[in-house]
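J.: Residue strings, one per chain:
There are 2 protein chains.
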Amino acid sequence: MPVSKTSKSTRPLILGNAAIGQSGGPTAVINQSLVGVIEGLKSFKSIKKVYGLRHGVSGLVKSPAEMIDLGKLSAARLNAIAKSPSASLGSSRDKPDALYCAKILQACKHANIRYFFYIGGNDSSDTCRIVSELAEGNGYDMRCFHVPKTVDNDLMMSDHTPGFPSAARFVATAFMADNLDNASLPGVKINVVMGRHAGFLTAASALGRKGASDGPHLIYLPEVPFSVDAFIADVQGVFDRLGRCQVAVSEGIQTADGRAVAESLIEGLDRDAHGNIQLSGVGGLGDALAGLVKKRVKKKDGKAPRVRADTFGYLQRCWPDPSPVDSREARGVGKFAARLAAKGASSGSVAIVRASGKTYKSVFQRIELRDVAAKTRHMPVEYINGRNDVSPAFIKYATPLVGKLPELAHL
Amino acid sequence: MPVSKTSKSTRPLILGNAAIGQSGGPTAVINQSLVGVIEGLKSFKSIKKVYGLRHGVSGLVKSPAEMIDLGKLSAARLNAIAKSPSASLGSSRDKPDALYCAKILQACKHANIRYFFYIGGNDSSDTCRIVSELAEGNGYDMRCFHVPKTVDNDLMMSDHTPGFPSAARFVATAFMADNLDNASLPGVKINVVMGRHAGFLTAASALGRKGASDGPHLIYLPEVPFSVDAFIADVQGVFDRLGRCQVAVSEGIQTADGRAVAESLIEGLDRDAHGNIQLSGVGGLGDALAGLVKKRVKKKDGKAPRVRADTFGYLQRCWPDPSPVDSREARGVGKFAARLAAKGASSGSVAIVRASGKTYKSVFQRIELRDVAAKTRHMPVEYINGRNDVSPAFIKYATPLVGKLPELAHL
Chain U
1 MPVSKTSKST
11 RPLILGNAAI
21 GQSGGPTAVI
31 NQSLVGVIEG
41 LKSFKSIKKV
51 YGLRHGVSGL
61 VKSPAEMIDL
71 GKLSAARLNA
81 IAKSPSASLG
91 SSRDKPDALY
101 CAKILQACKH
111 ANIRYFFYIG
121 GNDSSDTCRI
131 VSELAEGNGY
141 DMRCFHVPKT
151 VDNDLMMSDH
161 TPGFPSAARF
171 VATAFMADNL
181 DNASLPGVKI
191 NVVMGRHAGF
201 LTAASALGRK
211 GASDGPHLIY
221 LPEVPFSVDA
231 FIADVQGVFD
241 RLGRCQVAVS
251 EGIQTADGRA
261 VAESLIEGLD
271 RDAHGNIQLS
281 GVGGLGDALA
291 GLVKKRVKKK
301 DGKAPRVRAD
311 TFGYLQRCWP
321 DPSPVDSREA
331 RGVGKFAARL
341 AAKGASSGSV
351 AIVRASGKTY
361 KSVFQRIELR
371 DVAAKTRHMP
381 VEYINGRNDV
391 SPAFIKYATP
401 LVGKLPELAH
411 L
Chain C
1 MPVSKTSKST
11 RPLILGNAAI
21 GQSGGPTAVI
31 NQSLVGVIEG
41 LKSFKSIKKV
51 YGLRHGVSGL
61 VKSPAEMIDL
71 GKLSAARLNA
81 IAKSPSASLG
91 SSRDKPDALY
101 CAKILQACKH
111 ANIRYFFYIG
121 GNDSSDTCRI
131 VSELAEGNGY
141 DMRCFHVPKT
151 VDNDLMMSDH
161 TPGFPSAARF
171 VATAFMADNL
181 DNASLPGVKI
191 NVVMGRHAGF
201 LTAASALGRK
211 GASDGPHLIY
221 LPEVPFSVDA
231 FIADVQGVFD
241 RLGRCQVAVS
251 EGIQTADGRA
261 VAESLIEGLD
271 RDAHGNIQLS
281 GVGGLGDALA
291 GLVKKRVKKK
301 DGKAPRVRAD
311 TFGYLQRCWP
321 DPSPVDSREA
331 RGVGKFAARL
341 AAKGASSGSV
351 AIVRASGKTY
361 KSVFQRIELR
371 DVAAKTRHMP
381 VEYINGRNDV
391 SPAFIKYATP
401 LVGKLPELAH
411 L
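Heads up: the sequence lines are chains U and C, in that order. To convert, note that position 183 of the first sequence is 183 in this note's numbering; the numbers rise steadily by one, no gaps. To convert, note that position 255 of the second sequence is 255 in this note's numbering; the numbers rise steadily by one, no gaps.
What the hints contain is simulated information worked out from the structure, not anything from laboratory work. Do not rely on the hints blindly, as some may be mistaken.
Since the list gives no way to pick one copy over another, a pair counts as held whenever it fits inside one copy or between any two copies.
Subject to a maximum C-alpha distance of 20 Å in a straight line, what follows is the list of computed EDC-like cross-link-like pairs (lysine to aspartate or glutamate) [stated by the list, open to error]:
1) LYS299 - ASP94
2) LYS83 - ASP321
3) LYS72 - GLU39
4) LYS358 - GLU263
5) LYS404 - ASP321
6) LYS83 - ASP214
7) LYS396 - ASP97
8) LYS109 - ASP257
9) LYS72 - ASP94
10) LYS303 - ASP94
11) LYS83 - GLU407
12) LYS109 - GLU39
13) LYS103 - ASP214
14) LYS72 - GLU136
15) LYS49 - ASP69
16) LYS62 - GLU263
17) LYS294 - ASP229
18) LYS375 - ASP301
In isolation and in its complexed conformation, chain U is listed as follows (with noise of 0.2 Å):
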């Protein structure tokens, strides 16, 4: 189990009630980290409610008299709903501004709302972070948590980030399953990953290869920047060599001037109130790629190969067969940061800190909220290896994450 660690910055304790939300994509443990929270704050005596929001800030400004009384549920329901994925609160997309942010602050002064957790990825921390600036700046004593999520594992300061390793699970699986079908009915096969800006998922793709001819034979991440002609190169050249060739694309896949391969190749993708353009929930880079395999990838006879994309999607994030080490984990930072409540913290983060030693162990840290918000970490250069591929250095780090996966056979 996760060892503790307590912060030295704290501040008298409020009286008041807890809100809890949920915001971005959601993961296979999100309510892991619900419940850590709900379990962590039971024996806060300064808290009187703890209030469930309905799709996060969203509902908190636009419908505050819908919030939950999380208090309520026994703790057989709340394991239940521990266990399943999604974020059972109900998730938001909005990005507050400045106005937003005001709103907020003005909804949880009528609630007395006086700790406030928000389980989501860095614009999430970037949220806690202005509306705990907003109401230092009012003279409103609220302590703002953010409880990190997300698949991507884009999260500065973190070993990892919950969610990612079950999605990590999700995807390691698929492709060793997919592997071994795409050697039954050779061809190319691109599997496109989710990953926006970080390739740690894309990278995920290769935790169940074992011999030299398994797949996926070509990795290409968004920290590596993408040349079609050097992607045609690289297919036609595995290929050759083992009459097929499994790919594994990350969805963020950017040229060298940075902008995004999907943007490029595909026409009229929506763009979300972030400004990001939507790469999940669409089959299109997967398409497009497969496309030029087909027009400039032959075979000995000239023809172009047999060649498939599928695009991974949601099932990514929300498959029901999560990372035992994410669930722990994920449960395990939603405690941690009703405990710095209850300790008298200052708003914060939490991170996800690997202990050093033979078997793996991690330990929880109070950070700032500026450390983290809206900070995106990618895959470090040693986690790389050439133009496509991971290194050993990454397995070696992935694997403790993922749990035992299934093990194939094949003649």
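Dock chain C against the given chain U, drawing on the hints supplied.
T.: Chain C in isolation, oriented as in the chain U frame:
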């Protein structure tokens, strides 16, 4: 355990070799059938060698020297292979014509193959039929046994086909998890499911549905003529009522004139050797339907709802968490086919017949190749409910096949 019924149509046994091939799209349990045949042949004294064909009849014709001696594999190795998805011998998409079948027969004669087992769908049973008739016409005593396999569940004479229950298990689980994802970030979510002509797999999306507001809210099968206008009206209706809508769409949906919707909505689709357009391994249908919803479905404020589409792709047929019933039956049909051969039965196929009684049981039966060859079974009308749902009779039919589904909770 399934009980074997023997055939009355038998002929004297002949000494020689056996060959086993796998054909068509792989499944999560097609290797169970392979191992079932091998095990079933072990005590069959008339057989000298048991050969495995690399990539089905394609390998037999092009590179007969690459056949594998399957008799040398240990029981432990066989068990490991049986539990792994994909066609371990390699599969083939070839559809043999008369000349091709003559080459198959020639290769069989050359290797003294007297027992030919072909694990596949309705096209593979047709190959068995042609080769069997050709052998008989040539006075070459060779018995051809078709061992059923297809995730589409579209073989005649069978209650269901090996491969379907495991794929249905994946689809049901995926819809359950994605339903929670959709509830947490409400919008319209379209999931495209495999099944070119038969809607069984798409129908399986409903197997995890519990509450009245659970998705899938709309299910579109190839058996029910698809109209874009009706689809838009359906989605608008559900969205108005629930504020979200999860949709299951078969890749094979057709308009009233029998034209594939995918064909009318997407440019430049591939065709395979059977003349079928490529429906899997391409995200276009989902994206096209999502585009229509974005244009024509409106929120109360007149804006387009959040719309996403995922195409589940090949993970449906290879996900390594097979249904226990499916694993057992797939092994069983292989063993049963081998025993038919050992008992001197004429060429034929195997059907799974559901036994009457309260708890689920099945028996295997020899059927004629002509009764299954190149024919397609569709969803019976009693499994269909109106233009966009399945009936309670389908739920009753499919529930015992998929095994225990995850228990998911939601606030």
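J.: For every hint, state whether the structure bears it out.
T.: Do the hints match the structure? See the list:
For a Cα distance limit of 20 Å, the shortest separation of LYS299 from ASP94 across copies, 17 Å, qualifies, whereas the shortest one inside one copy, 48 Å, does not. Both within a single protomer and between protomers do LYS83 and ASP321 lie at most 20 Å apart by alpha-carbon distance, with minima of 9 Å and 19 Å respectively. In this assembly of identical chains, LYS72 and GLU39 lie within 20 Å of each other by CA distance solely inside one copy; the values are 12 Å within and 57 Å between copies. In this assembly of identical chains, the alpha carbons of LYS358 and GLU263 never lie at most 20 Å apart, being 43 Å within a copy and 56 Å across copies at closest.
In the homo-oligomer, the alpha carbons of LYS404 and ASP321 lie at most 20 Å apart both inside one protomer (11 Å) and across protomers (14 Å), since each shortest distance falls under that limit. With identical chains, the CA atoms of LYS83 and ASP214 are at most 20 Å apart between copies only, with a shortest distance of 18 Å across copies and 33 Å within one. Taking the closest pair of Cα atoms, LYS396 and ASP97 never come within 20 Å of each other, the shortest separation being 40 Å inside a single copy and 51 Å across copies. Taking the closest pair of Cα atoms, LYS109 and ASP257 never come within 20 Å of each other, the shortest separation being 46 Å inside a single copy and 62 Å across copies.
In this homomeric assembly, LYS72 and ASP94 never come within 20 Å of each other (Cα to Cα): the closest approach is 28 Å inside a single copy and 62 Å across copies. For the identical chains of this complex, LYS303 and ASP94 are inter-copy neighbours only, at 16 Å across copies versus 48 Å inside a copy, given an alpha-carbon limit of 20 Å. Only between protomers do LYS83 and GLU407 lie at most 20 Å apart by alpha-carbon distance; the minimum there is 9 Å, versus 24 Å within a single protomer. Taking identical chains as interchangeable, the C-alpha atoms of LYS109 and GLU39 are never at most 20 Å apart, the minima being 24 Å within one chain and 72 Å between chains.
In this homomeric assembly, LYS103 and ASP214 never come within 20 Å of each other (Cα to Cα): the closest approach is 53 Å inside a single copy and 33 Å across copies. For the homomeric pair LYS72 and GLU136, neither the shortest alpha-carbon distance inside one copy (31 Å) nor that between copies (75 Å) is at most 20 Å. In this homomeric assembly, LYS49 and ASP69 come within 20 Å of each other (Cα to Cα) only inside a single copy, at 7 Å, whereas the closest approach across copies is 70 Å. When the C-alpha separation of LYS62 and GLU263 is checked against a cutoff of 20 Å, the pair qualifies neither within a copy, at 33 Å, nor between copies, at 43 Å.
Taking CA atoms no more than 20 Å apart as the test, LYS294 paired with ASP229 passes inside one copy only; the shortest distance there is 14 Å, against 34 Å between copies. In the homo-oligomer, the alpha carbons of LYS375 and ASP301 never lie at most 20 Å apart, since the shortest distance is 50 Å inside one protomer and 33 Å across protomers.
Checked against the numbered hints above, the structure violates hints 4, 7, 8, 9, 12, 13, 14, 16, 18; every other hint is satisfied.
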